[in-house]
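As given, the protein sequences belong to chains A and B, one line each in that order. The C-terminal residue of the first sequence carries number 529 in the UniProt record's numbering, and the numbering is unbroken. The C-terminal residue of the second sequence carries number 529 in the UniProt record's numbering, and the numbering is unbroken.
It should be emphasised that the hints constitute simulated quantities derived from the structure, not laboratory data. Treat each hint with caution, since some may be false.
Said to hold, decoys possible - Straight-line alpha carbon distances no greater than 30 Å define the calculated DSSO-like cross-link-like pairs of lysine-lysine that follow:
1) B:457 / B:519
2) A:29 / B:465
3) B:266 / B:308
4) B:420 / A:341
5) B:420 / A:401
Number of protein chains: 2
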Amino acid sequence: MKTIAVLDSTLRDGGQAEGISFSVSDKLKIVSTLDELGVGYIEAGNPGSNPKDLEFFREVKKLTLKNSKLTAFGSTRRRDIKVEEDANIKSLLEADTPVVAIFGKTWDFHVTEIIKTTLEENLQMIYDTISYLKKQGKEVIFDAEHFFDGYKHNKAYAIEALLKAEAAGADCLALCETNGGAFPDEVYEIVKDVVSKVNIPIGIHTHDDTGLGVANSMMAVFAGATHVQGTLVGFGERCGNANLSTVIPNLQLKRDYVCIPNKNIKKLTSLAIRVSEIANVTLKEQMPYVGKSAFAHKAGMHIDGVTKASHSFEHVSPASVGNERRFLMSEVAGRSTILEKIRRIAPDTSKDDPVTSVIINRIKELEHKGYQFEGADGTFELLVRKALGKYKPFFDLEEFKIIGEEPSKTQGISSSAIIKVRVEDKVEMTAAEGEGPVNALDSALRKALEVFYPELKSVHLTDYKVRVLDTKLATAAKVRVLLESTDGEDYWSTVGVSTDIIEASWIALVDSIEYKLIKDIEKKFKAYL
Amino acid sequence: MKTIAVLDSTLRDGGQAEGISFSVSDKLKIVSTLDELGVGYIEAGNPGSNPKDLEFFREVKKLTLKNSKLTAFGSTRRRDIKVEEDANIKSLLEADTPVVAIFGKTWDFHVTEIIKTTLEENLQMIYDTISYLKKQGKEVIFDAEHFFDGYKHNKAYAIEALLKAEAAGADCLALCETNGGAFPDEVYEIVKDVVSKVNIPIGIHTHDDTGLGVANSMMAVFAGATHVQGTLVGFGERCGNANLSTVIPNLQLKRDYVCIPNKNIKKLTSLAIRVSEIANVTLKEQMPYVGKSAFAHKAGMHIDGVTKASHSFEHVSPASVGNERRFLMSEVAGRSTILEKIRRIAPDTSKDDPVTSVIINRIKELEHKGYQFEGADGTFELLVRKALGKYKPFFDLEEFKIIGEEPSKTQGISSSAIIKVRVEDKVEMTAAEGEGPVNALDSALRKALEVFYPELKSVHLTDYKVRVLDTKLATAAKVRVLLESTDGEDYWSTVGVSTDIIEASWIALVDSIEYKLIKDIEKKFKAYL
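Between the sequences and the hints, there should be enough to build the whole structure, so can you do that?
Structure, rendered in structure tokens:
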């Protein structure tokens, strides 16, 4: 059992990713999430280069962390000035974290051509900065930027820079594969050589530009590195940083390392989703271990195999990382997959039950129209219920009308909707304004239905996705609307397809409401059913 | 210079991915794309398990391939029957391809527990099937399913199965890391051992369940494998197959291997995009080499470095794979990035030019409202033009009104729009029906503007994305609409943000039209400007 110190840089290197921008409140939420997961270090920002980060460092002190040490990131002092006069170093101290990570040059070419100083002065910059920070009582990680390229071009100088950092009192030397261009065999050999030459812990920091971020981190660990840097879901500049949600279970579930407290491994999926959601990014479905598809089986024979003996087709159990096995539907998958899903609602359904064929045909027909049920469990469940006779409508639409006008008396376009619904023999007619036609219709519908079903007040949509199905037809194309709803306890997804975005939204909206109402009945009356 | 035979399985294993479903026409287009790239083998389907695949194999014969050999995929004969009586083997022959790939069991556990036969009968199944297919004149690849797990559990039997396939006349033994659970160090050792024991080419087939699909393929090659299986953009069951758009340039640009004709490497990005588009999937932005973000720089100091010496921050040149370098905007990036972009339109703009500040402030203000310019170059260019005074509006909106009704005389909801626009002193008023309100408005606007600008007839939208910005506000939340347009020659993207989806669409629509009109003026009058 070997211990690996994990440094998560979602808030620093992850913030360099295209499309990622964290507010101070996002950052605080991510710190709590990473602490809950139990990584050793949270690299939280660069107070010298980003004023927003200083505000964050003030706020974050109000949190009490159980597992992680906050780390501020900055560079060695600038050339030709005293370390104590360097504004970035001052900001770094102002951040008031127990740990600082200092990056410095170890590739000779970068020293002379990019920061334009002498090789000697660069070594002095490393020495001065680290020894100064050590005197201030900091734990210091030295990030040897471009170390692998440096080693390949001028091995002696790259090693000399590391030794200088060690001599200055650094607590850890993190070898950075900054450009993401190295291969696992090289990384292994180089780390092995470094480990033999220094006496303090060696770390590894990799990027995914050659699709090898995870592999390079692991090979470095196999060569003796004991500190791994990455980002929880792989956010990072260009192709991203080493994905810790892959590296951690790789090392901890499949080899004899401990990266985070053992009991937290099963939180990995939900915490990865949480970090993505805070970043307003949908977690990649194909992401190892934590992605929605990571344990999704489609081919008929694979499903057959998994059902017979799960380890025969799964390298780890989905539950070990808090994920779940899913069976997908497709023409390749066939009856057995669909049957698996039907049985969740009606456990006694057999393969040869006529209702199975009815459902399969209905699915095929809807798929042909552009529906996709893989991401719409709510709509799928309703479809199965309708076929099984375990359904009756909660209301009927009598009519609706939507009006949008520009210019209007208010700012922007005014949108409003009029709706008339019937529940049994009672008719309710309402009107609502809205931010756009879908919202106006949504508001009017809820307003009308809440009269009959007050429990709908707790429901709101958490996501609203629109996919143009035949892109060549542009705004006249069929659109698939995917809604995600929550009542604060559960999440469910519903889908609608139409050439009209309002109709597609309407279909998915009605399913969302009906799904909620059925779910509540089930909970409330379970004992009687 | 060592040659690697590449087998692309986008159409077979790729079709197992969640959300992927190919029509026959999609498959034909992908075959042409892969042949253009120049992979050695295209594994195109499983005619035995999927009737749609037989139709495809009939159609594909009409194509003349320059580089690739078509490969049909199937399993060894079933237990206890004669190979010539096996229906799947008959379908495989019916597919009439020069190459067949046959998968068979090499993990003893799978033989006895999943397909429930004896270890001896399984070896006979391998032998009979391959020797029969060889007699029919086929080139035969033996896919040793679960080989690595098999080797770890019962090495002797796994090797015996390979030797049986070799004895039966197989042309290549592809070792399949079916569950995606192996690590690069193991893969290297095991492949090395196998290479020492057989006399025919060894192939490698990996999955990405531990984020190591690419690494494992490469380590197998370093250990002596000369045939690599994967899918061009990583489509595949669960976490996907080894991504060939990463493996190929890794081996060909950075080590001494030839996977595809050298001249085709620079087509990699555009062909990867094409395959994704045919599959109706947006290529992952972070994908190594071919992703939109693969060479996107955000941090100020990185941009500074790239500008000084590109190889200092890029492991290969973006142009080598047909991709391009991009500079992104963010509070971290600062002036220099934005300046880079401004200079594309006004090359003489200096850093201290007041217009630079005007633009930066405008960007910040819009970003605060929820705009994002990273994916909306068209809107960004218009913004810069407006600040530079290189813009005047092409039309003014006088008014519009949108009406949606349910029930209507037609099927579904009826949507219509009335619009009045002014171009100089001429007013045009039109109305149009549409599939939904955005389409009705889009149609009416184009109808009105085509009177003045007939070149707009060539423009259509290719993508229409809606992103809910504050998901908690549901359909009342701010939405960002991203439009992608084309006139058949170029693509451009524009963005609009509003709490009203129609208004957001309208903003992006107007930008799309203006961008096109400016682009045409530039082309037409370049000589005069």
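These are the hints, each one checked on the structure:
no.: 1; hint: B:457 / B:519; result: holds (15 Å)
no.: 2; hint: A:29 / B:465; result: holds (28 Å)
no.: 3; hint: B:266 / B:308; result: holds (24 Å)
no.: 4; hint: B:420 / A:341; result: violated (52 Å)
no.: 5; hint: B:420 / A:401; result: holds (22 Å)
Checked against the numbered hints above, the structure violates only hint 4.
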